[in-house]
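Number 258 marks the last residue of the sequence shown (this note's numbering); no jumps.
You may find that some hints are simply not true.
Claimed, not checked - The calculated DSS-like cross-link candidates involving lysine-lysine, where the alpha carbons are at most 27 Å apart (straight line), are:
#, residue 1, residue 2
1, K164, K221
2, K124, K206
3, K124, K184
4, K164, K187
5, K237, K49
6, K164, K182
7, K182, K107
8, K206, K78
9, K221, K201
Everything labelled a hint here was simulated from the structure, so no lab data went into it. These figures come from a predicted structure and were not determined experimentally.
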Amino acid sequence: MYAIIILVILIASFGYLAYGYENFSKVVNPKKNTFVKQYIVIQYPNASFLVLSGVEYVNLTIRGWKPPEGSKAYLINLRSYVTGIPEVDLNITFKSKYDKFTIIVGSPEVRKCSSRPQEFYGNCEDRTLAVTEITVMTSYLFKRYYYWKAIKEGMSESSAREYAYKETMKRKTVKYLSFLAKVQLGLGKLGNRKHLCVLILGPAEGAEKSEIIIPRPGLVIIKGKSDGALRAEAVLIEHILGLELS
């Protein structure tokens, strides 16, 4: 009898995990139609960036404007499924209060950037810069709540900063896109109103488009056809959020 109960529990558990894993692809590639906003991010030869909306870019090129020789241009799509307005959803998602946040830096393949960068399918330097900028930006926004909480409680500015830093580090997780992470995303355990998740997918993970997707509250998916595009998307997000951290 006990053996049957255990077997039923195991089957149910496996089914639960399988459902989450299968649902992951639906979360990452939502099929529902929504408004798409286009941006062009130009990286100048001196490594600075210019962010233009699709309309701004067209208007400039009609007037004969061209970026300096050696510049790189990245076409990035934004789509969201919360309010349906990408810029609004991006601000709401990153600036809301959460209990925890997780940055998924990509597949375990990204580990090669630490030991065997020549074997990484992509550009390790650009991936590292993209991950760093996204992590710094998310951490900065997350800890604001704890900073102001400390200030309201009468702490000095330096003490409030230290408190905010410690509280943020306790709630921060940086990891790879493992089987379990896919299950958690598919089940909604990561990327929800209490647990912010930023998922980074580049060429090593099979990304075929450069786009930023907000499929539900608390989840931001950043896809880049190249690791350079991922970095450009980090710059675009900062621009939309009104930050200057790069």
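Hint check results:
A threshold of 27 Å between alpha carbons decides the hint, and for K164 with K221 the separation of about 44 Å lies outside it, so the pair is violated. With a C-alpha separation of about 32 Å, the suggested pair K124 and K206 falls outside the 27 Å cut-off, and the hint is violated. For the hint pairing K124 with K184, the CA-to-CA distance comes to about 23 Å; that is within 27 Å, so the pair holds. Between K164 and K187 the alpha-carbon distance is near 33 Å, which puts this suggested pair outside the 27 Å criterion.
A hinted pair counts as satisfied when its Cα atoms are at most 27 Å apart, and K237 with K49 qualifies at roughly 18 Å. Taking the CA atoms of K164 and K182, the gap is about 21 Å. The hint holds against a cut of 27 Å. For the proposed pair K182 and K107, the alpha carbon gap of about 18 Å is at most 27 Å, so the pair holds. Taking the CA atoms of K206 and K78, the gap is near 44 Å; set against the 27 Å cutoff, the hint is violated.
For a cut-off of 27 Å, the pair hint linking K221 to K201 stands: about 26 Å separates their Cα positions.
Checked against the numbered hints above, the structure violates hints 1, 2, 4, 8; every other hint is satisfied.
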